[in-house]
Structure formats: C-alpha cells, structure tokens
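> Please build the complete structure, drawing on both the sequences and the hints.
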Amino acid sequence: MIELRELSVGYGRSAVARGVSMELEPGKVIALLGPNGCGKSTLLRTILCLQPKLAGEILVDGTPSERLTPRQLAQKAAYLAQSRATPNITARRMVLHGRFPYLSYPRRYRREDYEMVEKALRWADAEGIADRFMGELSGGQRQKVYLAMALAQDTQTILMDEPTTFLDVARQLEVMATARRLAREGRAVLMVLHDLCLALRWADKVAVLAEGGLLFQGTPEEAVEAEILNRVFGVRLSRVMTESGWQYYYG
Amino acid sequence: MKSLRTSSTPGNNRILAWAALGALCAACAVLSLCLGPVPVGLGDTLGALLGRGEGPQAHIVLYSRLPRTCGCLLAGMALAVSGTVIQGVLGNPMAAPNIIGVNAGAGLMTALLGAAAPAAASAAPLAAFLGALLGVMLVLGIAERTGASKLTLILAGMAVSAVFSAGIDAVVTFVPDALLGYSDFRIGSLAGLTMARLAPAAWVILPVFGLVLSLAGEMDILMLGRDVSQSLGLRVKPMRLLLLGLAAALAGAAVSFCGLLGFVGLIVPHIMRRLLGEESRGLVLGSALGGAAMLTGCDLLGRLLFAPFELPVGIVLSFVGGPFFIVLLLRQRGGRIHD
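The listed protein sequences derive, respectively, from chains A and B. For reference, each letter of the first sequence is one residue, going 2 to 252 in the working numbering. For reference, each letter of the second sequence is one residue, going 732 to 1070 in the working numbering.
Hints are computed from structural coordinates only; laboratory data are not their basis. Glycine included, C-beta positions come from ideal geometry on N, C-alpha and C. Treat the hints with caution; some may be incorrect.
As the list claims (entries may be wrong) - Derived coverage of chain B by chain A (criterion: at least 3 residues anywhere in the stretch with Cβ under 8 Å from a Cβ of chain A; other residues may be distant): (1) 958-972; (2) 1005-1011.
Stated by the list, open to error - A few chain A residues that face chain B, going by a derived Cβ cut-off under 8 Å, partial list only: (3) L49; (4) R72; (5) A75; (6) A86; (7) N89; (8) R94; (9) P107.
This is the structure:
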C-alpha cells in the first residue's frame, strides 16, 4: 500500500499543494477531484517519483519511496499517463512493454510475460485489436491498449491521470467499470477525474484537492453532505435515487 | 512517436523487405569486390579472398577492394545505426550524426591528432570518438538549458557543427598534412583505405553495434516518452546518455576513416522506419544492413560512373540520397499521419 504523509508537491520551490496525507487502500477506487491547476497531476507524478517531492513522505509498503529503485517502484505502482507517445508498433508489443520492470539486462521476455500480456489484453477488452498497429487505432482503442499496458505491469496500485478524457460516454463507463473490477481484485486505484457525477457514482472514496491542499477525503455521500464540491467548483450538486443507486447531477 | 513517423506501412511484406535488404547488401558487397577499373570475375575474386589467387588481379582484390568494401560496409552500418539511435533517443526526426555536431566533432579531433601526432594514426578512432562525444554533449547541454525543444536541438547542433568545422579548416590551414586528402575528408571518401587504418575503427564499431542491439528493449521504452519510460522503471537520463555515447562512438569511429559522410545517418533510419516499422531491434538491424548497402552501392557507383576517374562517395551519396529523400517526403504528404 502507498501512504502519503504531509506531502508537499510543486515545481521548483513553489508548492502547489501542501500537507497531503492519504492512504491508497487496496480494494478501493479513489477519485481525485479538484479545479484546474490545483496539483492533481503533479501529485500523481510526485507519487511515482517522476518529479521530486518538496516535503513529506511517500511510503510504499512501509518503505520511503526514495529508497526504492525506479524498477522496484515500477513493480509497485503503474501509471496511466495523460499525454502519451504512440510509436507505431502492434498493440500487443505495446502491452508487452508493461513487463519491462520485471526484466533484467539484456531484456528477454519470458513465457510468463507473454501470458500476463494476454491476461491484461483480456482485462482491458483489447484482445480484438492486439495485432493491429497503434497508428491504426482510434483514441478509445489506444486508451484500452495503454490500460492493458498498465495492467500487464501487475502492480498493487494503479494511478490514472484523467483516463476518461476524449472517450465517449460508453467508454467512460467501461473505464470506471474496469477500475471497480481492479479494486475488487484487491488493487488500489487512484484516478484523477473531471467528471464529478462519474466520480461520485463509481468511486469508493473521493479526495478533493483545492486551495493548496487536500480539503476533503471521504465517501461520495459524505462529500455531498459536506457540500464541499459545491464550494470548490461553484456548482449546486444534487442526487436522485435510481434503480442502480444514487445518481448525481449538478446545475 | 508522432513526429518520427513518415507513414504507417505495417505490412505483411516485412519478410520480403528483410530478404531484399540482405540480398541488396550482399550484392553490393560482391559487386564492390568484383567491379572497378579492372573487372575481376566472381571466381577469381573468391579465389583471391580464399588466398588461392595470384597476380595483379588478386592483389587488387585483396589490398584495394577488400579494405574499401569492408570500410564501406562498416561505415555505412555505423553511421546509419548512429542516426537511428540519435533520432530515437532524442525523439527528433531531424537529428542525425552530421546535424547534431557528432561528425564535425569527430572530424576536428581527427584533424588535431593528425596535426599533433601524425604517427599515432591508430588512435584516430579514439580521438574521433572523444570529438563526437564532445559534440553531442555540447549540443545536448545547450538544448537542455534552452528548453530542449526539437528545433533548439537542431539549431544548437548547427552552431556547434559550424564552430567545429571552422576548427577543422583552421587546423588544416596551419598544418596542411593534418588530414590525408583534405578534400576527400570533407566530402567523405574511402579511396585508398587500408586494413591497418580500418582495423582500430572496426574494433570499436562491431562491439558497440552489439551493445546497441542488446539495448533495443530500452530504446523501445524510451520511445514512449520520459514519464512513461520512467514509470516503467527505466532510469531515463543515464540511459539516454549511454545510448547517445554509443551513437557517438559509432559515428566517430566511422568518421575516423571515411571522413565527414553525412547523409547516411539521416535518411537510412527514415527509410527503414517505413519499411520495417518502429521496433528498435528490427530498426537497428535494418539500418545496419541498409546503411551498409547504401554506402557500398554509392561508392561502387562513384568508381564506375566516370571510370577511370573516381567520384568521392560523399558526392554520389548526396546525388542519390537527396532526390530519394525528397521523393519520400513528397509521398508522405498523402500518407496518414497519426497523433
């Protein structure tokens, strides 16, 4: 499990968010919400050691993250980045890259790696496009491939930076359903989301990053009752009970 | 990597492409041994190579054409692979050893060595490597300080190349004998190459090529961009520096015996990316074969076109490669370009 203790993140000396403490519990989908520029992506990147933290601690299974090699960290946490390069290789090859943290020099993929790739492709519902070239795929299909790559990394924690951007509604729901399935398997999923309704409907916990720190964390119900989102986003959030549980809307 | 892609031609013709590449390379090598002002038959050539030939023909094959052909194959391979690595690692389709200061740096050091210690010719590949490394590190340093955009990198490369080239000219002005055949060196030529001059460079090129091939997996990961590669556990910065160092060693070693040949390192990787796709292992191998074939073929053309006069290979290379590259660019206009 990854734990953040009084973590400050930002660029250079100026912190965007200070004193962030939270636990990425296995079995939970946590939605990270907040207005533009509040440091959501920066927080994710800092957790993954892609940029230096300014203060505080990141504990990975109890070990401070700076004591882990990039490879060890890559075996603990996978990252679905927001902007991505798309080399023109087959989707299966791309997913195979997810096994990189488990290989030592000279990199030779083993049988178990290929098996893991097939499993990840099934999970991400990308089997049908496995032999297509990345350049031929639509945005949604590429997203599946990237998701499969992160799954092939076989980590306990998965960090996703706006995984639903550019996807149509059906694909957005699929991504959320996949996140839930991952959580059911005992993984921790932390995802940056912009769609409040999607987040409240599907996440186990929401964390609100705003005004230079973590303002709130709790269940979606608690978030609605505390009216925190109304304050941060300047909207009026309401909900109705439907056959499939609470549905949220704002105006 | 979007900007690297000139078109997507994922095909089932890949096996065919490999076979054609291999055959082309072999054909160029054999023709380069057989043809010239004095044509030698295939049987006699083989005989000479196996040590059974006699007379002037065997002498020509063994002491003139064999070193030259080996030199062409090695230099073509080294420069093309260097270009592939540089383009891949920097994610920049405009980058190539001659553009980012690698060749000029290698040339300058070779000239300096020739001026200061003419007897130490076997140290030329080492000096060239150091010069190439100096060039690439300077360019990289400048580009990173100024924001590391793709354009800055190329501009910094041009500036560094200009300074180094001026350095070469200055050295040759003061010590006219610093470079054997100055004009040949500037244009790039393999005339009069001996095994003794080639050997030290070969000792650099072959192992480094093997090392680059063994790092194909790392190169693939680097193509995913800095963040994704690092999140996959790759130490991006050291790996980039290592690969660029290897690319500098390849280009430097080649420049030490063939002069400032530029074009191979730029266009061969582009052609191979279209032919073979973007997986690094295939791309590196294909570039090696393609570069070797291209340089050997151009050198052969230079020897045959105006025989008994010889055109330095650098001239032929630009005459053949330039239009070929332009055709490639024009065809790309209609091609699909993905994000």
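> Does each hint fit the structure? Answer for all of them.
Consistency of the hints with the structure:
1. 958-972: holds (count 8)
2. 1005-1011: As far as the region 1005-1011 of chain B goes, the hint holds, because 3 residues have Cβ atoms under 8 Å from chain A.
3. L49: 5 Å, holds
4. R72: Since the shortest Cβ distance to chain B is 4 Å, the answer is holds.
5. A75: For A/A75, the interface hint holds, since the closest Cβ of chain B sits about 3 Å away, which is under 8 Å.
6. A86: 4 Å, holds
7. N89: Cβ of A/N89 sits 5 Å from chain B, so the hint holds.
8. R94: At 7 Å from the nearest chain B Cβ, A/R94 passes the 8 Å test, so the hint holds.
9. P107: With a minimum Cβ separation of about 4 Å from chain B (threshold 8 Å), the hint on A/P107 holds.
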